[in-house]
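Asker: Since the structure of chain A is already known, use the hints to place chain B on it.
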Amino acid sequence: MNVPANPLVGRATGWVKQSLGARIVVVFLGLLLVVQIASFWAIRASLWNQAHRELPEQLALADSILQSVVERRAQRLIDGAEVAAADYAFREAVASNDAETIASALANHSRRVKATEAALYNTDFSLRAATGKLQTNMGPLVARLGARALAEGRGGSRASEIALIGGKPYQMVMVPMKAPIVVGWVMMGFPLDDQLVTTMQGMSAQSLKLTLLTRSEAGAPWRVEVTRLPAEQATQLARQPWLKIPALGDMNSVDAVGEELGVRPRWLTQRAANPVDGEVGVVALTSISIDDAVRLPQFLQVALLSITLLGIAGFALGSVFTARRVTTPLRKLAESADRLGAGDYDTPMRGLQREDELGQLAQSFERMRVNVADKQQQILKLAYWDSLTGLPNRVQFRDAVHAAIAQAEAAKAANPSAQPTVAVLMLDLDRFKHVNDVLGYRFGDLLLKRVAERLSQNNVRGDDIVARLGGDEFAVLLRQGDAALAASVAQRITRAFDAPLTLEEHTVDMGAGIGIACWPEHATDADVLLSRAEVAMYAAKRKSEGPLMYHASIDAASAQTLSLLTELRSAVDRSELRLYLQPKLMLETGRVGGAETLVRWMHPQRGLVPPMEFIPFAEQTGFIRTLTMWVFEEAARHWLRLQAEGLPLVLSVNLSTRDLLDQDLPQKFDALLVKHRVPAEAFCLEITESAIMDDPQRALGTLNRLSGLGFKLSIDDFGTGYSSLAYLKRLPVDELKIDKSFVLSMETDLDDAKIVRSTIDLAHNMGLTVVAEGVENAKVWDLLRELECDEAQGYHMGKPMPASEFQAWSIGWANKQRPRPATGTGAVLH
Amino acid sequence: MFAGLGLAHAATLNVNVIDAGGKPLLDAVALLEPAAGKAPVKPMADVEISQAKRQFAPRVTLITVGTKVTFPNFDTVRHHVYSFSPTKTFELKLYAGVPNVPVTFDKPGVAVLGCNIHDTMAAWVVVADTPWFARSAANGRARIEGVPAGNYRLRLWHAGLGPGIEPAAVAITVGAADAEHNAKLAVSSEP
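Line by line, the protein sequences give chains A and B.
At position 90 of the first sequence (counting the first as 1) the number is 89 in numbering that gives the first Met the number 0, and the numbers step up by one without a gap.
At position 91 of the second sequence (counting the first as 1) the number is 90 in numbering that gives the first Met the number 0, and the numbers step up by one without a gap.
No lab work stands behind these hints, which were simulated from the structure alone.
Each residue gets a CB set at the ideal place from its N, CA and C atoms; glycine is no exception.
Incorrect hints may appear among the rest.
Sample of chain B residues facing chain A (criterion: CB under 8 Å; computed from the structure) [stated by the list, open to error]:
hint	residue
1	Phe83
2	Thr88
3	Val111
4	Gly113
5	Asn115
6	Asp118
7	Ala121
8	Leu160
9	Gly161
10	Pro162
Isolated chain A, as found in the complex (with noise of 0.2 Å):
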C-alpha cells in the first residue's frame, strides 16, 4: 500500500493542475534542471573524452620520465663506476695487488654515488675484491654484463642492467678499469627501492602513481616491491600478468577496488625471447586515476552546484515574479467576471490599460459587460415594459404596486397617526375586440397607443404609474391615493374616453369599465389589491354604470359565480327556471300579437336573479343552450296552453351565438315541435346583429335550415351593429327588431325619430315586419302608429311577466284598449 505517498503527491499534482502560476514556475525550474544536467553530463562527457585523451599521454610521458630516471641512475653508478676505475691511486692499489685498498677503494667510490654494492673483477671476471651484501649470487648477472661490455665494444664498453639479487631488484652497471688497456671490472650497483618511486614522483604529476613488482620464481605471483598507490590497489594491480608492454599511447584500463586506474607497465628486467607466463623479472607499473581525471574538479563541482543553486533561486524568484505578473490579473478578471456573474455590470473591469493579451482579455471581459449590461437594459425593459405602448407592463406594475405598498407601510410604522394609502385603478377598453375585428389589428394598436396617451396626460402626478396590463386592459396606481382621489381620476379618465377618438379617418368611441381598489381599505398586500381593482373593473363593466369602487358584496358576487352554473345546472332540474312573457303588441289594432319569452331564476335563497347575472355567464359557459332549450320547450308548453285559453300568439325565443354555431338546433327545435305538437310557425326567432357575425357563415347556414322549418326569423336590437344591409338581404329573416335605445329617445331625439322611421321604411320595402323595443309611454307609441312600425313592445304596454299571468294580462289589456281607438290617433304626430 503505498497510501502515504499517496495524499502529498495528489496534493501537489492538484496545486499544479489549479495554479497556473504553480505550472509555470515548475515548467521554469524543470527546464533549468534540464540544462543544468545537460551541461552537467556535456562537462563529464567532454572530462571523459579529455581523460581518455591525455591520459594515455600522461602515462607514456610518466614512462619515458621512468626510463630517464632509470638510465640517469645508471649513469650515475657507470660514472661512480668509471671514477672509481679510472682512479690512479685505486688502480695503483690494484696493480700493486694491495687487497685492503683494493676494498676500501671500492667502499669509498660506492659511498659517493650512494651505490650498495661494488665489487671489482679481473678481466677474466673473477671475482677480485668487493663491499656490500652480494658478493655471492652474482655469478650468472656478472657473466651478463661482461659479456654484454664486451660485447658492445671492444675492452673499453660498460654495461647496465636492472637485476633480481636474492628476489630483490637491483640495478647494476659494470665498467672496465683501464691501464690504459682493461686490467680490469669495476661493478657497482643499488636496489630499485623507495628512492627510485621518490625521485621519480617528484618528477611527474602528483596524480602519476608509480608501483613496482617483482617475481623472482617463475610462476609465481607478482611481490609490490614497492608503491604509492594504496595497498590494497597495489595488491589488485599485482594480480595482473602484465605480460604485454603496451605501444605508445596505450594504456591498461584496471578496476582496482573500485577505482579505474590507467595503467602503463615497463619491463625493467631483460625479458626471455619467447616470453611467458609467471615469467621472472621486474615490472614498473605508472598508473593514474581515470575516475578522478574524470571526476569533475572540485572547484568545478561547486561552481555547477553554485550556479545550479543561483539558478533555481533565480528562477523560483523570477518564475514567481513572472507567474505573479501573470496569474494576479487573472485573478482581478476572474474577480471581476464573477461580479459579472453575480449581476454587477456596473463596475468596469481592471487592468484595461495593459497592452499585452492580458490587456485585451480584460478589453474583451469589457465590452462583453457592456454588451451583456445593454442586453440586460433590453431584456429588462421587455420584462417590464410594454414594447407596444411604451408603458410599463404588468409585472412592472405589479412590483411597483409591491413597493408603493411597502413604503405606505413603512411611513406608517415609522408614524403610527399618518393614514397613507395606495389606490389602484384598473380599466378595461370596451368592445375592443370589436374594434380588433371589424378594423385590424394595425389600427387595434394604434388605437391602443392613443388610449394609453390619453391616460398618460390625464394622470396627473408624477409618483403615479399607468401601466398596460395586457390586452385592452389598463391600470394606474396612484401612490398616495384615498378613495376620493382615485375616484375623481377615475371621473377624470371617464371624461378623457367622452371624446371619441379619430384614427385614420374613423372615429371611435371609446369606453371603458374602471374599477377602484385602496389600500389599506379593500386589501392588506399588492396582489389582493389587484385582484379586488380588477373585480371591481368587471362589475363596473357589467354595470355600464361609470367607475365602481370595489366593494365587499361585488366580491361575494363575483365569488357566487363561481358556483352559479353548478347552482345554474340544478336549478333546471328543481325548476327553479321561470318563463316571463313580455307582450308585442299590433299597433295598427292595438291586439296582443306575441310575446317574447325571458328566461328568470328563482332562487330558493336569493330570489329573482336578474338575467344579467346569469345571462352572460351562460352564454360564456355554453349552458344558455341548455337554457335556451328549455325556454323554448316551455315556450311550447305555454303557446298549447294560451292556444286552448283561445290566444293564439306568436312566441318570440332569444338565440344567442352559441345556439347558432349548433349544428343540431334546428333538428333539436323540431324534436321538440314534434313532441309538443306545435307548429313550427307559432315560433319567432330572435337573433341579435353580433350574434350572426361572429361566424357568418355557419349562421347563415343554420338560420336557413330554421327558416326551412317554418320558424320566423327576427333581427333583434338591430342598429347597433354593423351588418351591412346588403348582407341582411341575404338571411331569411321576416322581422326587424329596432334598438329600443332609438326608440327611448325618439320622442325628444329628432335623429333618432329618422332613424326609427328610415329603419321602418326600409324594412317595409324589404318586406319585413318591423317591431320596436322599449315603447314606455302613449307618446311613442302613437308616433309608432304614425309611422307604421307593425307592432310594438315596452314597459307603456306591459313588462315581462310570468306566463301564467299573461292571459289575465291580455284581458286586462285588451279592456283598457276597447276605448283608445276612438279618441284620435292622426293628432299625436302633427
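Answerer: For chain B alone, coordinates are given in the frame of chain A:
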C-alpha cells in the same frame, strides 16, 4: 745488427702475421729467443716515445732490456705517463717538454703505458731479452735479420691480445738461408 753484424752467414727470418680475419697485422711483435741459453743483449740508445696530439708515438716500441727511453712531450698540454705493468712500473708526473730522467726498462716483458690525464692514450713497450726481434709493418711482415743458424723459440705478441695473454712460443730452426714463418694471431683487426 748488433752482435751478429760480423757474422757473414747470418740469415733473415720473415714472420708474416695475420689477424683472425686473415688480414696482415700491423705492430705485431716477433721475438726470437735461443732455444737454450741466452743471447747477450745491449741496451739501445736514443729511444723515444713521444706524445704528440695526445697520442703516444709510436704506439708499440720494441727495446732491449736496459734501454733508457725518453718521453718528449710535443703537445701544449701536460701528460702524466704511467705504467702499472710489472715489467716496468713508473710514472712521469705532469710534465711538459722532455723529462730530465729517461726511464730504464730493465726487465724483459711488456709494459703498458697510459696517461693519467688522457685515458685514450695507450702505448706498449715490449722489452726483449734477445737481440733478434722485429715489429710487423703494415703488410704484416716482421723481418728479423742477422739470425745465426740454430734452434730458436719464436714468441709473438700483439697489443690486441689483451693483458698477460701470449700465444705459445713456436720452436723454429734457422738455417743458413733466409726463412719465412707464417703466424696467425687471435686479434680482430681494428679500424
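Asker: Double-check B/Gly113 for me: the hint is only fine if its C-beta lies closer than 8 Å to a C-beta in chain A.
Answerer: 3 Å, holds
Asker: Is the interface hint satisfied for B/Ala121? The criterion is a beta-carbon contact with chain A at less than 8 Å.
Answerer: Because about 4 Å separates B/Ala121 from the closest Cβ in chain A, which is inside the 8 Å limit, the hint holds.
Asker: Against chain A, is B/Asn115 within 8 Å by beta-carbon distance?
Answerer: Cβ of B/Asn115 sits 5 Å from chain A, so the hint holds.
Asker: Quick one, is the B/Pro162 hint okay against chain A at 8 Å, beta carbons?
Answerer: 6 Å, holds
Asker: Against chain A, run the beta carbon of B/Thr88 and see if the smallest gap drops under 8 Å.
Answerer: Since the shortest Cβ distance to chain A is 7 Å, the answer is holds.
Asker: Would the stated hint for B/Asp118 survive a check requiring a Cβ distance to chain A of less than 8 Å?
Answerer: 6 Å, holds
Asker: Can you verify the interface hint for B/Leu160: is its Cβ closer than 8 Å to any Cβ in chain A?
Answerer: 10 Å, violated
Asker: Taking the closest Cβ pair, is B/Phe83 under 8 Å from chain A?
Answerer: 3 Å, holds
Asker: Would the hint on B/Val111 stand, with a C-beta cut-off of 8 Å toward chain A?
Answerer: Status holds, d = 5 Å.
Asker: Holds or violated: is there a CB of chain A closer than 8 Å to the CB of B/Gly161?
Answerer: 7 Å, holds
When the structure is compared with the earlier hints, a violation turns up for hint 8 alone.
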